[in-house]
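Protein chains in written order, with this note's numbering: chain U, 1 to 193; chain S, 194 to 588.
These aren't lab readings, by the way, just hints derived from the structure by calculation. Hints may be right or wrong, so weigh each one.
Cross-link-like lysine-lysine pairs, in silico, PhoX-like; alpha carbons within 25 Å at most [to be verified]:
no., chain 1, residue 1, chain 2, residue 2
1, S, Lys241, U, Lys34
2, U, Lys4, S, Lys476
3, U, Lys153, S, Lys476
4, U, Lys162, U, Lys34
A few chain S residues that don't get close to chain U, going by computed Cβ distances all over 10 Å [as the list claims (entries may be wrong)]:
no., residue
5, Ala197
6, Asp237
7, Glu368
8, Ala405
9, Glu439
10, Thr466
11, Gly468
12, Lys471
13, Asp555
14, Pro557
Pairwise CB distance ranges, derived in the manner of DEER restraints [what the hints assert, rightly or not]:
no., chain 1, residue 1, chain 2, residue 2, range
15, U, Lys134, S, Gly404, 26 to 34 Å
16, S, Pro305, U, Lys89, 57 to 65 Å
17, U, Lys134, S, Lys428, 43 to 51 Å
18, U, Glu60, S, Gln233, 46 to 54 Å
Don't be surprised by glycine CBs; every beta carbon is placed ideally from N, CA and C.
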Amino acid sequence: MAGKIFEIRWHGRGGQGAKTAALLFGDAALSTGKYIQAFPEYGPERMGAPVQAFNRISSEPIRMHSGVENPDVVLVLDMTLIGQVDITKGLDPDKGVLIVNTPLSTEEIKRQLNYNGKVCTVNASAIAQETIGKNIPNTPLLGALVRVTGILKFDELIEDTKKKLEKKFRNKPEVIEGNLKAIERAYNEVKTE
Amino acid sequence: MKVAKTGNEAFAEAMRQINPDVVAAYPITPATEIVQLFSQFVADGLVKTEFVAVESEHSAMSACIGASAAGARAMTGTSSQGLALMWEMLYIAGGLRLPIVMAVVNRTLSSPINIHCDHSDTFGARDSGWIQIYSENVQETYDNLIQAVRIAEHPDVKLPVMVTTDGFILSHCLETLDILSDEEVQGFIGESPERPNLIKSLQENKPITIGALDLQDYYFEHKRQSAEGMFNAIKVIPEISKEFAERFGREYSFFEEYKLEDADAAVVVMGSTAGTAKEVVDKLREEGRKVGLLKLRVYRPFPAEMLGKALSGVRSIGVMDRADGMSAVSGPLYPEICGALYDVNGKKPVIQDYIYGLGGRDVPMEDIRFVFEELLRTAETGKKEYTLKYIGVRE
């Protein structure tokens, strides 16, 4: 019997890095010895259009190849999706966690969504603006995800992300530093109820 | 070493490690990445391959045929409409006994136009003289392509091989891949065995012709020999799999039996849905219900005799067809499974067909559970209720 599979759904808009976040998180989880899946939903791909990406994480090999229907965690990269997309779909209010990139309070998000489950907020856009210099909320949300779920250790996430970024941005050390700082800040600043 | 790779990346990595002499390819969604990544390997000097950027898939297969006839190890990759455009050349590769290896990403055929997964593209190519191997996950995608080289080039087989992976579901899904070292792959595939080829024949001053006109006097004999290659593949494929398992620890066969031995009801399924279906089998087993699964990996050659044996003890069988044969009877796999069971002694199982997942329609566990509920009912009564049911579709 396969072990418990931890499932994540990412909501964003085309160009915000929902898919990249899922890939980075999958990779980081793999480096700790877990089995992983990371896959985007392929619909019409346009800048700004609502998109989704998914993760499955397990200590056993993963055999499921259907869509993620009942995620353990939902992350929202863009709060303007609230009211446009059913972001709490399939999320169990008793066990699930919703993490939203927003300057608003958790109470305000719950009110807007008419949702009574656990909600966490972090101003990932502001953090990204201040640390990376651009509104790229995906890497800070990784920090919030790790803090809220404990599925990976903070150090493991930082170490693997650093390795990945060092490969990609060899000549831009400020990008690497900015992203790592963004993860750390979101890890510390995420508000849980 | 465990790494994270998508199905397309796994295909491209395997091709880099195989390091073929020639790759000729044309991009098509969702297989584009395979040759895009591979062309980067060529540009970076990581492979010795001659990369031929062609103007269509028809030309891609034609270039592979030319290269293979000249003695080269030739590979390509495609999907859907691209495979359809290769059509006449597929038969030529098969008929000329050229051990070309092709990575295929399963995508439906137009129309209506759609870029997502079903098996109609490769099912349609089943009679072209190509060996066909299907993959459940990214690991199998990689392992199958490496084994394909040895199968294709085996002196008793000498037939082209296509290895498939499910479009987007696997081609674009990042999964855990236990990757071999370049040396391990090279050690396994070895040098291409000697076979008659154009270059050698000219070098030795004994010119040969490949693809000559072959009328009533000899066409039949040559077709018969091609068929013999396919018969021989029944023997060769397990030998290659055994060697692969001995070296790398992962075992493969024509099909995988999952909790089938004492099952009252079982599904026959191919590709990525097999994984989801195994989860359903486990859930139903927890509820004390005797269900199992057979995942067909090698579709050509068709292992009819072995399938008949493996399935003979099951009372009710559901064939899951990810293609519609438009026969007004069933999907393409159903009659072949029925045929495999026709010669089995004793009480025949009830067999029903389920067409599912066309054009990338998601296949949730409930849909597979529904199939098992139907099968368990017929296992009880022993009565076939229908030949075909479409699942997961609005009717």
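### Whether the CB-CB distance between Glu60(U) and Gln233(S) falls inside 46 to 54 Å
Because 34 Å falls outside the window, the suggested range is violated.
Checklist entry - Cβ-Cβ distance between Lys134(U) and Lys428(S): within 43 to 51 Å? => result Once the Cβ atoms are compared, 60 Å apart, the range 43 to 51 Å for Lys428(S) and Lys134(U) is violated.
In this structure, is the beta-carbon distance linking Lys134(U) and Gly404(S) contained in 26 to 34 Å?
-> Between Lys134(U) and Gly404(S), where Cβ atoms are some 58 Å apart, the hint is violated.
Q.
Verify this label for me: Asp555(S) is non-interface relative to chain U, using a Cβ-Cβ cutoff of 10 Å.
A. 5 Å, violated
- Would Thr466(S) pass as off the interface with chain U, using Cβ distances and a cut of 10 Å? 7 Å, violated
Interface exclusion of Gly468(S) relative to chain U, criterion Cβ beyond 10 Å:
About 4 Å separates Gly468(S) from the closest Cβ of chain U, which leaves it inside 10 Å; violated.
Query - Verdict on Ala405(S) as a residue remote from chain U, using beta-carbon distances over 10 Å - result: Given that every Cβ of chain U is farther than 10 Å from that of Ala405(S), nearest at about 46 Å, it holds.
**Asked** Once the closest CB in chain U is found, is it more than 10 Å from Lys471(S)?
**Response** 5 Å, violated
**Prompt:** Is Lys4(U) within 25 Å of Lys476(S), Cα to Cα?
**Reply:** OK: Lys4(U) and Lys476(S) at ~13 Å, within 25 Å.
Worksheet entry | Nearest-CB test (10 Å) between chain U and Pro557(S) | 5 Å, violated
Quick one, are Lys153(U) and Lys476(S) close enough, alpha carbons at most 25 Å? 31 Å, violated
* Asked: Glu439(S): least C-beta distance to chain U exceeds 10 Å?
  -> 21 Å, holds
Going through the hint list in order, the structure does not satisfy hints 1, 3, 5, 7, 10, 11, 12, 13, 14, 15, 16, 17, 18.
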